[in-house]
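**Q** So you can see what is in the structure, the chains are spelled out below.
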Amino acid sequence: MTEKKEQKESYPKYAPGTHVHDKDIYERKITYTWWEPEVQYSWSLGPAMSRFLQELKAGKIIGIKCNRCRRVIVPPRMFCEYCYGPTSDWVYLKDTGTVETFSLSYLDADARRIEEPILIGVISIDGASPKHGFMHYFGEMKPEELKIGMKVKAVWKPENEREGSITDIKYFKPFRGGEE
Amino acid sequence: MKDVAVIGAGMTLFRRRLKETGKELSFLAAKMALEEAGIQKSDLDMVVMGSAPDAFDGIHMKGENLIDGAAAAGKPYVRVFNGGGTGVFAPIAGWWHVASGVADIVMVVCEEKMGSCYPHPQTAFRHIWDPIIDRPLNPNLIWLFAMEMNRYMTVYNIKKEDIARVAVKNKRNAVGHPCAQLADPNITIDDVLNSEVMAWPVQRLDVSPPSDGASALIYCSKDKVHQFTDDPIWVDGVGWGIDSTMWTNRDLCFPRYVATAAKMAYKMAGITNPPKDIDFAEPYDPFDYKELHHMEGLLLCKKGEAPILTREGVTQRDGDLPICPSGGLLGVGNPIAATMGQKVCEVYWQLAGKAGKRQIPGDPRVGVGQAWGDIMQMATVIVLRR
Amino acid sequence: MSRKVCVIGIGHTDFNSMTPDMQWKEIMYEACQKSYVDAGVDPRKDIDSFITCAEDYWEGFSIFDEFVPDQIGAVLRPCCTVCGDGIYGLGNAYMQIKTGIVDVVAVEAHSKASDMLTYGDIVLFAYDPIFERPISGPVERPNYAGSPSYSKERPKPLVGSTDEKERIHPYFLAGLEMQHYLRKTNTTEEQCASVVVKNKKNAFNNPYADYEAKISVDDVMSSEYLFKPIKRLDISPNVDGAVSFVLADEKTAKNLGVELIYLSGFGWSSETPWLSTRGMDAAYATKAAKMAYKMAGILQPRKEIDIAEVDDRFSYKELQHLEAMGLARPGEAAQMLEEGVLDVKGSFPTNTSGGSLGVGNSLEATGLQKSLEIVTQLRGYAGKRQVPGAEIGIAQAWRGIPSGSGAVAIFKRG
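Protein chains in written order, with this note's numbering: chain A, 1323 to 1502; chain B, 18 to 403; chain C, 2 to 415.
In isolation and in its complexed conformation, chain A is listed as follows (with noise of 0.2 angstroms):
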């Protein structure tokens, strides 16, 4: 077996496998078989997430606090992962932020083309501790407006129309200061 070193082969030493074209499946030139399973789920939102929820349906934004390493959560969550203990005082933030990261998507959710680009990032809110925050859409800008740093503040919903989910919030528009 050790004989092998003295021609030295290049490996891989081959590629096994058949190529399977898009073409080859359109004309049926191969067979396949199909299945949509049935696959539903209603996950438990658990303390935490539920005040969040709530308090968005109230048009507010809940953060927690961590009383040992004196972070101000959002979103929030009932137990602190560095301390590794639960978090105690519920503290309301404001509902503007920083825009910490973005991109303009010309993809939708299964990776089919979209025309005008999704704005999305990830905004840290105010009031909470710095990098804390949640991703959410943007509007009211043109893209090439859209700057990591810049400031912003939520548009939400008609209050009839919001149902306790994250979509309460349309979406983050550009904040100036001192605006209401």
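Calculated directly from the structure, the hints in this document are not laboratory data. Take these hints with a grain of salt, some might be off.
Claimed, not checked - Pairs of lysine-lysine residues, derived as DSSO-like cross-links and limited to a Cα-Cα distance of at most 27 angstroms, are as follows:
#1 A:K1479 with A:K1379
#2 A:K1473 with B:K177
#3 C:K255 with B:K19
#4 C:K252 with C:K295
#5 B:K19 with A:K1464
#6 B:K239 with C:K295
#7 B:K176 with A:K1473
#8 C:K255 with A:K1387
#9 B:K48 with A:K1335
#10 B:K19 with A:K1453
#11 B:K293 with B:K280
#12 B:K319 with A:K1469
#13 C:K252 with B:K280
#14 B:K58 with C:K252
Please arrange chains B and C on chain A, whose structure you already have, making use of the hints.
**A** This is chains B and C only, laid out in the frame that chain A set:
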């Protein structure tokens, strides 16, 4: 701890769609590895499977379905999984099977069949998001990378063209690889910069493709390795680590979890000065910026310095610190877990001097493979040494 | 091989048929926190590695591993998912400790079965897509993107049997296997029903069990046939709950001053996934048990082992597994049951916790729930169901329909 050597490896063709089923792909890769090691299925004590989301193959508990293909029927068999990190994590799990003394010869098989998922593998990725605060926004996985890439570029002031150099290098490196899906000897930086924008700043050629494929690796304990080779390739260090699920609660500009995993592996391997002690590396490169990000995480250079090394040609195959000499995921393809083929099998072949056209000049002795997974939080690192 | 591995901490939640007030993260947190307190360790400093046992589709995620680290204390630490029963997790923790790179490892497994709205179809999704699923019910094959549309001449093909409106429930496989077991060993349905009676009775003395009941063999026999010969009460109902273990090498365990319970052997094995060619005699349990006995140095399992927790997700499985593991001769298990050998006060107490029939089917946590009972018994904290003087116990779990995989762990009091 028992010393563990690699004695064989194999990988299938990587393509967007392959005709073979997941079982058959596992079989093809396993057979190649058995051939290289010169052993039979009956010589294997145990088998470890690495495979990423069940949703790709469309089989719940898919590890169970792949048992026969992975030569594991009637044997102790376990599947491990941590998203994209699996490609290096499965070999780590295989390592502890042997290093613990529980088994002598263990095969690791990694399989992924992304082509089964309809209408697009991206559909499976919808379910990696938090169901409460992320999924209602109807997100696409590419967003995540686009946001991380944007943060990385902005914080360290990196130009898009310096990132595009990685895609060019890796797609060119892949030319010598028989399994490669997207090898291109003539690709230029302009091709990458002019490709379709998917989610700015991510463009089509910044991304590795979804693929079908499988790979396999065989380990042997020190007690038995003399039966197979006089010049074994040893597993010298392993490390893995995970960061918080709450990715919107930390700065995305530096992958601190990669550093955690790397330090664990380096400590075990006695590596004190990574850029000097390591001859080449295979960091995980599903996106071109990720290679740079991971080089920094692997402590191969300072933060924000990886693009400069790339621009200066240091990371080319004949450079001082070759990175992704296999062609990486960008060139060879990205069947999530099966990328063990580039990240670990390639390191083994390079160290054994068996990489043919892809061989790094200058007799490399220490190579590092790394993978990354989950929602920008998991890193797995392996160090091999001749 | 000189390092010995000990269980230094155990923790669990209550097992409940549903837990609408808690997120999966919170039940995991509760179990882990309790086990860390039990072991007297700080997870942020003292635990070197973390393992969760989970499968994506039980949870409803594509990569469940993402949603694990925060609640088990594993942020920026080595942490991984083992796609298998909790005992596979213990086995991997054992091997990690044996290598010497880590000293203390936490293993967690849980079930949030109540989050699944379509449990049957999710289990069916584990069947082979080409050979097995199509016989189980109708699926309309849609137009593949870009392919020519269907017409009268080229009708839309249907996969599967078309006269059924509903897909079959995947548990039918257990019906086939039970039929085989009854015939082969001359066991009766009534004897299997006695397993249910025993386990549900044992569960009365287990404070965390959810399906305790005082029922008779007649009650089981008169419950409806679902997958003949399996009746409704032969099946363990799903349950939510989490269990966490902390393992450590002997030296660390001694330094902590905890009572030493050794994980002295474990084994696991998988059979071929092909249902049609696979034997129906639980060969996976035979192989796994042999491996575990060898590792633990057990030569006469029936004599040396004091207490057993074997997988009883279907009533006949308890008997089948006892025989497969060499703890009863083929066909003897039912007799042992009738003679009271398997009772809490018998000479070979089996499933004293109430097993899955009494506690509930906790999916991948099944093996850890069984190990939990063994460790509790060996520590002597099992209260009314305590088996006096138990020194060596064995826990076994199977990965459930439709798999042919399972694992075994042997615990010894130090």
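**Q** Does each hint hold? Answer for all of them.
**A** Results for each hint:
| no. | hint | in the structure |
| --- | --- | --- |
| 1 | A:K1479 with A:K1379 | 9 angstroms, holds |
| 2 | A:K1473 with B:K177 | 25 angstroms, holds |
| 3 | C:K255 with B:K19 | 25 angstroms, holds |
| 4 | C:K252 with C:K295 | 24 angstroms, holds |
| 5 | B:K19 with A:K1464 | 61 angstroms, violated |
| 6 | B:K239 with C:K295 | 22 angstroms, holds |
| 7 | B:K176 with A:K1473 | 24 angstroms, holds |
| 8 | C:K255 with A:K1387 | 37 angstroms, violated |
| 9 | B:K48 with A:K1335 | 12 angstroms, holds |
| 10 | B:K19 with A:K1453 | 44 angstroms, violated |
| 11 | B:K293 with B:K280 | 15 angstroms, holds |
| 12 | B:K319 with A:K1469 | 26 angstroms, holds |
| 13 | C:K252 with B:K280 | 25 angstroms, holds |
| 14 | B:K58 with C:K252 | 38 angstroms, violated |
The structure shown violates the earlier hints numbered 5, 8, 10, 14.
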